[in-house]
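Student: Sequence:
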Amino acid sequence: TKMVAGNLFEFAAISAILIALPLATTAVNEICRLPVPNDYIECNAYFPSYRFNASSKQCDRFVYGGCGGNANRFRTKGECERTCAEARRLNSVCPADSTWNAQTESCVCSPELCPKESCDQNEKSVVIRKATGRPGNCCDLHACESESEERLDCLGPGNCYEPQCPLDSTWNAQAKKCVCSQESCPILSCPPGTKKILIHKAADVPDDCCGTYACRVVSDTVAAMLKKSRATRKNQFNVNEAGAHQVDRFLPEICLLPQAPGLCKAAF
Numbered sequence: 001t002k003m004v005a006g007n008l009f010e011f012a013a014i015s016a017i018l019i020a021l022p023l024a025t026t027a028v029n030e031i032c033r034l035p036v037p038n039d040y041i042e043c044n045a046y047f048p049s050y051r052f053n054a055s056s057k058q059c060d061r062f063v064y065g066g067c068g069g070n071a072n073r074f075r076t077k078g079e080c081e082r083t084c085a086e087a088r089r090l091n092s093v094c095p096a097d098s099t100w101n102a103q104t105e106s107c108v109c110s111p112e113l114c115p116k117e118s119c120d121q122n123e124k125s126v127v128i129r130k131a132t133g134r135p136g137n138c139c140d141l142h143a144c145e146s147e148s149e150e151r152l153d154c155l156g157p158g159n160c161y162e163p164q165c166p167l168d169s170t171w172n173a174q175a176k177k178c179v180c181s182q183e184s185c186p187i188l189s190c191p192p193g194t195k196k197i198l199i200h201k202a203a204d205v206p207d208d209c210c211g212t213y214a215c216r217v218v219s220d221t222v223a224a225m226l227k228k229s230r231a232t233r234k235n236q237f238n239v240n241e242a243g244a245h246q247v248d249r250f251l252p253e254i255c256l257l258p259q260a261p262g263l264c265k266a267a268f
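As numbered in the UniProt record's numbering, residues 1 to 268 make up the sequence shown, in order.
Treat the hints with caution; some may be incorrect.
Using 20 Å as the maximum straight-line C-alpha spacing, the simulated EDC-like pairs for lysine to aspartate or glutamate come out as follows [said to hold, decoys possible]:
{"id": "1", "residue 1": "130", "residue 2": "79"}
{"id": "2", "residue 1": "130", "residue 2": "112"}
{"id": "3", "residue 1": "177", "residue 2": "204"}
{"id": "4", "residue 1": "176", "residue 2": "123"}
{"id": "5", "residue 1": "130", "residue 2": "81"}
{"id": "6", "residue 1": "130", "residue 2": "117"}
Label pairs and their in silico Cβ distance ranges [as the list claims (entries may be wrong)]:
{"id": "7", "residue 1": "106", "residue 2": "170", "range": "32 to 38 Å"}
{"id": "8", "residue 1": "103", "residue 2": "77", "range": "45 to 51 Å"}
{"id": "9", "residue 1": "145", "residue 2": "203", "range": "29 to 35 Å"}
{"id": "10", "residue 1": "132", "residue 2": "81", "range": "32 to 38 Å"}
{"id": "11", "residue 1": "77", "residue 2": "215", "range": "42 to 48 Å"}
{"id": "12", "residue 1": "127", "residue 2": "207", "range": "19 to 25 Å"}
{"id": "13", "residue 1": "179", "residue 2": "104", "range": "30 to 36 Å"}
The hints are simulated quantities; they were obtained by calculation from the structure and are not laboratory data.
Where a beta carbon is used, it is the ideal one built from N, C-alpha and C, also for glycine.
Please model the entire structure based on the sequences and the hints provided.
Tutor: Structure representation (structure tokens):
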């Protein structure tokens, strides 16, 4: 093997310093998040090394040529696994297109984790969904289409390759259509004293994926009056519980409403 320096031992010592220096000056989690370097061929040394792959969460073997690269480089697999154990644990909670950032203590997009699109010679790669830049949606969604094919299924204004779906649905690239997304449906929380009722049942089609709900007031006053009326009738007529319920069924609710004088001053 051809060496850059004239002496193998001198080169090994220099390489060891180059490897150690970044470890002392860069946060460990940041080292493990660095892009996976390629095998460097500009230098002809041969140093079997290991690097942490944030995508697979594994330590991969590669040959270091002696120059270039970054601090994501370890002499043994054990050293790589020990150093990046915490990064591997934290990255497991992030979506596949993002990694853990120790400084912000959150998942951040990693463009190098986005899949590389490869189309046939007579096809072109088109964007059918733009990324939002948030973990879980860091990468543009591409599709391969024939260059002679005309898109006639635009679903909204703008680029035909970026279909616009209703707010309650998302684009399904496989089915090539908008599909309902339950995550997009609003959640109605009713305040105390009210209950949620269904106003419109969803049809499970885009633009009608979510049911319509409303909050209806529950009259505590009527409930209390019914209870009081039942107790009074028990004392007066000595009816059993079943009889009281039977009477309640036919008791007009209008008779249980509280007396209200109204807003006008007429005398009746």
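Student: All hints are to be evaluated individually against the structure, with a verdict given for each.
Tutor: Tested hints:
As the CA atoms of residue 130 and residue 79 are separated by approximately 39 Å, the hinted pair breaks the 20 Å bound. Note on residue 130 and residue 112: the hinted pairing holds, with a Cα-Cα distance of about 17 Å set against a maximum of 20 Å. Note on residue 177 and residue 204: the hinted pairing holds, with a Cα-Cα distance of about 14 Å set against a maximum of 20 Å. Distance hint between residue 176 and residue 123 is fulfilled; the C-alpha atoms sit about 17 Å from each other, no more than 20 Å.
Using a Cα cut-off of 20 Å, the hinted pair residue 130 and residue 81 is violated, with the two alpha carbons roughly 35 Å apart. Taking the CA atoms of residue 130 and residue 117, the gap is about 14 Å. The hint holds against a cut of 20 Å. The supplied range of 32 to 38 Å is broken by residue 106 and residue 170, whose beta-carbon atoms lie about 24 Å from each other. Take residue 103 and residue 77: their Cβ atoms lie about 27 Å apart, and the range 45 to 51 Å is violated.
A hinted range of 29 to 35 Å holds for the C-beta pair residue 145 and residue 203, which are about 31 Å apart. For the pair residue 132 and residue 81, the supplied restraint of 32 to 38 Å holds, since their beta-carbon distance comes to about 34 Å. Between residue 77 and residue 215 the CB atoms are about 60 Å apart, so this pair departs from the stated range of 42 to 48 Å. About 24 Å separates the C-beta atoms of residue 127 and residue 207, a value consistent with the hinted range of 19 to 25 Å.
As the Cβ distance of residue 179 to residue 104 is approximately 33 Å, the hint placing it in 30 to 36 Å holds.
Hint compliance for this structure: hints 1, 5, 7, 8 and 11 are not met, and every other hint is.
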